[in-house]
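Assemble the whole structure, with the sequences as input and the hints as a guide.
Its first residue numbered 1, the sequence shown is counted upward by one per residue in UniProt numbering.
These are calculated hints, taken from the structure and not from any lab test. All of these numbers come straight from a predicted model, not from anything done at the bench. Careful: at least some of the hints might be erroneous.
[What the hints assert, rightly or not] Computed spacing ranges between beta-carbons, pair by pair:
| no. | residue 1 | residue 2 | range |
| --- | --- | --- | --- |
| 1 | Val208 | Val11 | 37 to 45 Å |
| 2 | Ala341 | Val11 | 48 to 56 Å |
| 3 | His350 | Asn471 | 13 to 21 Å |
| 4 | Asn471 | Ser316 | 38 to 46 Å |
| 5 | Ala159 | Pro487 | 47 to 55 Å |
| 6 | Glu423 | Pro387 | 28 to 36 Å |
| 7 | Lys152 | Lys207 | 23 to 31 Å |
[As the list claims (entries may be wrong)] In silico BS3-like links for lysine-lysine, alpha-carbon gap of 30 Å or less:
| no. | residue 1 | residue 2 |
| --- | --- | --- |
| 8 | Lys152 | Lys312 |
| 9 | Lys152 | Lys52 |
| 10 | Lys52 | Lys131 |
| 11 | Lys517 | Lys461 |
| 12 | Lys166 | Lys183 |
| 13 | Lys166 | Lys52 |
| 14 | Lys52 | Lys207 |
| 15 | Lys498 | Lys517 |
| 16 | Lys408 | Lys461 |
| 17 | Lys207 | Lys131 |
| 18 | Lys235 | Lys329 |
| 19 | Lys183 | Lys131 |
| 20 | Lys238 | Lys131 |
| 21 | Lys498 | Lys462 |
No residue lacks a Cβ here, since even glycine has one placed at the ideal position from N, Cα and C.
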Amino acid sequence: MTTAVGRPRTVDPYEPTANAETFDFVGWVANIDARLLDGSPEYSEARIEATKYDPLLFAVLYCLHHLRDPEGNVSFADAHLEWVRLARQWAIPPASPMEQRDAFLAPRDTGKSTWTLFILPLWAAAHGHVKFAAVFADSGPQAEMHLGTFRKEVDENAALRRDFPKLCTAGRRPSGTAESDAKHMVIRGNGFIFAAKGIDASSLGMKVGQLRPDLLLLDDVEPDESSYSAYQADKRLKTVTDAILPLNIYARVVLSGTVTMPGSVTHQLVKWGKGEVSEANAWVGEQQFRVHHHLPIVRDDYGNERSMWPSKWPLSYLKQIEHTRSYRKNYLNDPMAADGAYWSEDDFTHGSFPTARTYLSVDGAVTTKKTSDFTGLSVVGWAPARPGGDGERPMPARCLVKFAQAVKLKGNALRSRVLQVLESFPEIGAILVESNQGGDLWLEVFHDLPVKVVTFSNADKKETRAERLLNLYQLIPTRVMHAEPLPALEEQMVAFPKAPNDDLVDTVGNAVLRFLKPPARPKAAVRSVSPR
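Now the structure itself:
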């Protein structure tokens with residue numbers, strides 16, 4: 001049997017090619033021994049043996065009520081099948097440090113919590129594949145809610161209690177009292193431990209007796225953007241890498257979440273998964289995370305499209321909403337779709353027009369010796385106002401942002417990059433250098449250049465300049481256009497003022513405000529230096 005576009009169907013969910021379209025769930029169920037499905041205590045041992053290395057069969061036999069949609073139907077997304085395949089690896093203890101670390105990224109409402117925090121840990125606990133699971137969330141109550149779901153299931157699930165009675169009863173001390181049955185930790189009769197903590201709670205040295213967590217579950221460890229900042233994101237990342245992961249370097253790790261703002265921990269994972277590797281997300285490789293980012297619309301090499309979960313999101317529905325901001329934010333994990341404090345995605349217009357003058361604007365770490373600092377480089381052109389006539393409407397003066405890049409270069413390396421930009425944009429007539437933090441040290445970098453260098457300092461606050469720049473973006477017609485999508489710049493603008501870096505916002509603002517001269521502000525000190 002094949003699909004509508006000729007893809008072969010499979011009854012094996014563990015085949016790497018099995019997905020929402022090719023997996024034949026009905027055919028797979030038909031191959032299950034009917035005696036395993038009747039719920040008879042007589043076949044408990046057979047069910048235990050059959051599910052030991054088959055988490056999907058475990059889910060169907062013991063957690064089917066969690067898989068049904070409101071109409072009672074059962075279906076699977078691409079993500080579910082991949083998560084099941086990866087979780088089956090938990091049955092084999094890792095042979096080396098950091099061997100089983102996975103990041104699961106998918107659209108909202110894909111069932112990440114149901115699968116990664118409940119069904120799969122429950123399977124691993126029932127069969128003794130893991131001894132100690134610890135779940136971490138943004139807050140303690142949020143983590144404890146996941147533990148509460150586990151506790152409720154083992155207390156009330158008759159099928160589980162029939163086949164796994166020790167898992168479903170609390171561990172007891174010799175005195176007969178429960179070992180632990182608190183809202184933040186439970187110890188079961190088979191020895192399995194499940195702990196729940198807010199990610200900022202002290203976790204150093206977490207262990208029970210001689211046991212350390214061998215399954216670390218990090219779910220939505222970042223708050224929403226309204227209560228989050230770049231500083232907090234950096235702090236949260238350090239908590240993950242310096243406090244949580246070292247609890248057991250051999251532990252299986254699952255990190256799942258939703259992007260809340262540009263530059264967030266989850267956004268860094270998304271970028272890594274897309275192949276956009278940078279110093280900011282180098283930790284993903286250093287910590288050996290395997291990133292699994294499932295997109296709502298899957299496209300094959302021939303351009304054919306399908307839904308990652310057709311039973312829930314038909315392709316026609318996804319195509320209908322594909323152009324919306326909600327789709328990008330909730331389905332693609334794209335933080336650019338969020339409403340920023342200043343810019344939003346709707347403020348960016350892409351196109352081109354002839355320009356009369358062009359600057360290369362430089363800002364940031366031109367003179368600092370800290371290798372962690374960025375230098376922003378932007379190429380901004382200006383077109384004068386055009387009077388109407390001959391069928392053309394009048395056009396105000398406006399700017400075109402042609403290029404924007406943040407680099408971590410110093411000294412001669414930075415100068416060489418500037419020369420490359422000058423060669424790529426021969427229309428550049430001057431270089432603007434904001435020297436608030438560098439004084440005259442910039443001369444050591446930008447010597448003997450073929451164009452004039454203008455240094456200046458800004459007296460206005462960064463936020464004030466951003467407001468003036470934003471106003472120019474939002475005027476009708478817009479006074480600032482981007483020659484093409486400029487992801488690095490546009491992400492900084494949407495995240496401003498919470499972005500980890502805002503050098504590109506400054507470079508564009510310095511050039512645009514100089515060209516268009518919006519309402520007067522106190523005059524900044526300016527000095528020009530011609531090539532030597």
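Task: Pairwise hint evaluation, Lys461 against Lys517, where the allowed Cα distance is 30 Å at most - done: holds, 16 Å
Open item on the list: Checking one constraint from the list: CA of Lys235 to CA of Lys329, max 30 Å. Satisfied?
Closed with: holds, 24 Å
Open item on the list: For the hint 47 to 55 Å, verify it against the beta carbon of Ala159 and that of Pro487.
Closed with: Between Ala159 and Pro487, where Cβ atoms are some 49 Å apart, the hint holds.
Open item on the list: Lys408 and Lys461 were given as a pair; does the straight-line alpha-carbon distance stay at or below 30 Å?
Closed with: Answer holds: Lys408 to Lys461 is near 24 Å, not above 30 Å.
Open item on the list: What's the verdict on Lys152 and Lys52, does the C-alpha distance respect the 30 Å limit or exceed it?
Closed with: Holds. Lys152 to Lys52 sits at ~22 Å (cutoff 30 Å).
TODO: Using the beta carbons of Asn471 and Ser316, state whether their distance is inside 38 to 46 Å or not.
DONE: holds, 40 Å
Open item on the list: So if I understand the rule, the pair passes when the alpha-carbon distance is 30 Å or less; does Lys166 with Lys52 pass?
Closed with: holds, 16 Å
- [ ] Would you mind confirming whether the straight-line C-alpha gap from Lys238 to Lys131 stays at or under 30 Å?
- [x] holds, 26 Å
- [ ] Starting from the hint 23 to 31 Å, judge whether the C-beta atoms of Lys152 and Lys207 obey it.
- [x] holds, 26 Å
- [ ] Could you grab the alpha-carbon distance between Lys183 and Lys131 and see if it respects the 30 Å cut-off?
- [x] Satisfied, since the Cα-Cα distance of roughly 19 Å is no more than 30 Å.
Open item on the list: Tell me if the straight-line CA distance from Lys52 to Lys131 falls inside 30 Å.
Closed with: holds, 15 Å
Task: Pair hint Lys166 and Lys183, alpha-carbon separation not exceeding 30 Å - done: holds, 19 Å
Consistency note: the structure conflicts with none of the earlier hints.
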